[in-house]
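Asker: Given chain A, work out where chain B should sit, using these hints.
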Amino acid sequence: MTQTQHETSTAPAAAQQALPMLHIKVKILRFDPEKDRKAHWETYAIDAQAGDRVLDVINEVKWYHDHSLTFRRSCMHGICGSDAMLINGRNRLACKTLVRDVAKDGGTITVEPIRGLKVEKDLLVDMEPFFDSYKAIMPYFINESPAPAAERIQSEEEAERMAQSSNCILCACCTTSCPIFWVNGSYLGPASIVQAHRFIFDSRDEATQQRLNIMNQNTGVWRCRTAYNCTEACPRDIPITQLIEEVKRAVMYQQA
Amino acid sequence: MQHRYDVLVIGAGGAGLMAALYAAKGNVSVACISKLYPTRSHTGAAQGGIGAALGNVAEDHWEWHMFDTVKGGDYLTDQDAAEVFSKDIIDAVYELEHMGLPFSRTPEGKIAQRKFGGHTREFGKAAVERSCYAKDRTGHMILQTLYQQNVKEGTKFFNEFHVTDLLIEDGRCRGVVAYELATGEIHTFHAKAVILAAGGYGRIFKITSNALTLTGDLMSIYYRKGLPLEDMEFYQFHPTGLAKLGILVTEGIRGEGGILRNDSGERFMERYAPTIKDLAPRDIVSRSIISEIREGRGVGRDKDAVNIDLTHLPREVIEGKLAEITDLARTYLGMDPVKDLVPVQPTAHYAMGGIPTDLNGLCLSDGNGGSIEGLYAAGEQACVSLHGANRLGTNSLGDLVVFGRRAGIYAAQYARQVEFPDLPDDPQRDTKDMFDGLRSGSGKENPALIRKEMQESMMNNVGIFRNGPDMEKQVEILKELKSRYQDVNVGDPSLRYNSELIEVMELGFMLDCAEAMTASALNRTESRGAHDRADYHTRDDVNWLKHTMAYKDLDRPGNVLIGYKDVALKGFTRAFEPKARVY
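As given, the protein sequences belong to chains A and B, one line each in that order. Numbered according to full-length UniProt numbering, the first sequence spans residues 1 to 256. Numbered according to full-length UniProt numbering, the second sequence spans residues 1 to 583.
The shape of chain A in the complex, shown without the other chains (with noise of 0.2 Å):
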């Protein structure tokens, strides 16, 4: 294939241009259970530039190869969290890895679901233990008093406090990375404790002391065991192991 690469609406920078075509291969774990019994591997041969995202090859798969592959997608830079998946068996947003960072000229990305959701189709899988998990942590602002007739005040530092955990985007890379979420299903995982962190620490927010409770519980903070997945696979550079242990800190001595 491969004439058309260059073409497309995704076509990599001017910077990188100049950067040599890598023939490489593509080995995808495909799924449809309407058909297959188990997943299998299928391998496809596709030119790259070296620039290019590797989700620009895998649509190159779908458009070109196969039009059956599945997978979801949508904003192509980073923001919306949609493509979290499987690359050279580390969890990555396809969108925010470029080829020339997973693969040399002659060589093969691998490509799988995340794991631990239910693979309902090819890359694509079950997200909804994982919003479910996201809904049990109450992720909203709770502030029962009058609110002013204009904003509530709140220094520059207090809102500081809350710019590394407000900057997830519910990708899912952190969570499904995590051994302990892998064997346990009901633990929260790092991402919801994420989306805690982020109310637990916010000057404005007066629910604190139920945040920490459902924290405390057995599904909560105590399953963590610091393995570190999880911020090594946030394509946000999150520091979420730190942020986890913000929140056991905050359950232990009960007050943020």
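These are calculated hints, taken from the structure and not from any lab test. Hints are supplied without guarantee of correctness; some may be wrong.
Unchecked claim - Simulated coverage check for chain A against chain B, where a stretch passes if three residues somewhere in it have a Cβ under 8 Å from a Cβ of chain B:
1. 22-36
2. 77-91
3. 123-133
4. 164-176
5. 179-187
6. 199-205
Unchecked claim - Selected chain A positions facing chain B (in silico; Cβ < 7 Å):
7. Asp47
8. His67
9. Ser68
10. Arg73
11. Gly107
Glycine included, each C-beta is placed from N, C-alpha and C at the ideal position.
Answerer: Frame of chain A; chain B shown alone:
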């Protein structure tokens, strides 16, 4: 399967989520249908801010915001909408803060504000700090906050349901039909009122900031029923997309002091907009960049970009207030804005036109006050004509909270007063016909190739600079692509998670949007805002101070019928006379 809700919201971005919240407050049953998970909606990609005359950093007034909106829209903005907006947005921003949105703060702890293109004090005298922001991920925080509030309220969501049809009979909306990705099942949603808030259609262009999912589905469904799309010729190119990729680089980058430079390092905006330079509105900056490139002063291997220069700003500002775009430049270009110039070029960004509505979001069926009972629209999908011929930066986030809220309120109010209308006899018939048609073609044509040709030809022929002959050519190209679409290949017979069927359906929707846009642009023989024609180079208020209404000719495929609608040249208390647009 059949469902029944008083109010149905289609789309779960900012406008849809705000509409759902307010409809629910109206004491009616509400469900929200989205083809994505709500947190994946494209509102999350908006970076720079939401403009409101809070006056937290410098003196500001809603009248100044209204004036900037009207002038920015090259006087095609409906001034009643601009007045409602400029007042309402102040409360709406405080409301978002009360919902917990983590805005950046001033040293006094108030919501921080920064400069943005076209935002001025005293009716154009100088730039003013009006954009309220949460670092450079304001849209992300608005989307997350509104979704959080819907979780709190227990809003019913149907995620990954693709709406395939609007049930309209005898001028009354009766519900929608949708395809459930997980099961392949077709559902009928019976409703008293429906709110359309499914976003734009930037994917008809080759270089765009828009997500792959922004394919104009509901606009096309509306248009296919012989109903009008308003002002489709006005499509905004954001001046600064990352070169070749089109990924948005916020205007906040210039609000914080970033400077555009050509190949010789010249700050070229001084020549085009001497008063506010790099902070001129988007249409002017986009055209200035393209002019530099056409005159051979571009940068990069193909000399088809210009640079944005941040290197004179402190590292804390770049990595703090502009962290998102710093990360994008590092990830995709391998460049560090702290020390490198970043190449940018205009990228297809925002539809000023769309489904026409009144100030309450009610959908209009013609240019003379006709409407569709029970049908509302808000956000980028809609055209209340706040943006006129060119949208002011930050007014998209403002639009979706202000008019999303109004649509929710009025849809609920309407739903409380009426009974459920009868459903059509076979509500799923048209959807089934469409699916059967797509699957029974000869299968010669690869949809990806048709899509690519559409995107490239629209970019070339109906892009930033336009002229009659190119657009006439585009009319023919689109006819040919539509004819090839009749033979499109849908090879996957499966029902569950048939993403191929969905992509092909979306391509059909995009071809309709492209058709309406091209016809509207060819018809308007003047230059105004984002619509710039080489063969009609000046604005013509005598003949063209009016909105375009484009109707699909249901009897003659490929033909578009054009009607018009008056511009509201007065607000409720203020009115701004059209005058030359200089910055």
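Asker: Taking beta carbons only, do three or more residues of the stretch 164-176 of chain A come closer than 8 Å to chain B?
Answerer: holds (count 4)
Asker: Hey, does the Asp47 of chain A contact hint survive, CB to chain B under 7 Å?
Answerer: At 16 Å from the nearest chain B Cβ, Asp47 of chain A fails the 7 Å test, so the hint is violated.
Asker: Hey, does the His67 of chain A contact hint survive, CB to chain B under 7 Å?
Answerer: Status holds, d = 4 Å.
Asker: Classify the hint on Gly107 of chain A as holds or violated, based on whether any CB of chain B lies nearer than 7 Å to its CB.
Answerer: Not OK, violated: Gly107 of chain A not within 7 Å of chain B, min 20 Å.
Asker: May I ask you to test the interface hint for Arg73 of chain A with respect to chain B, counting a Cβ-Cβ separation under 7 Å as satisfied?
Answerer: holds (6 Å)
Asker: Are three or more residues of the stretch 199-205 of chain A within 8 Å, CB to CB, of chain B?
Answerer: holds (count 4)
Asker: Are three or more residues of the stretch 123-133 of chain A within 8 Å, CB to CB, of chain B?
Answerer: holds (count 3)
Asker: Taking 7 Å as the limit, does the beta-carbon of Ser68 of chain A come near enough to a beta-carbon in chain B?
Answerer: holds (4 Å)
Asker: Count the residues of the stretch 77-91 of chain A whose Cβ falls closer than 8 Å to any Cβ of chain B, and tell me whether that reaches three.
Answerer: Result for this restraint: holds, n = 6.
Asker: With a Cβ-Cβ cutoff of 8 Å, does the stretch 179-187 of chain A contain at least three residues near chain B?
Answerer: violated (count 0)
Asker: Test coverage of the stretch 22-36 of chain A by chain B using CB-CB distances below 8 Å; three residues minimum.
Answerer: holds (count 4)
Of the hints listed earlier, those the structure fails to meet are numbers 5, 7, 11, in rising order.
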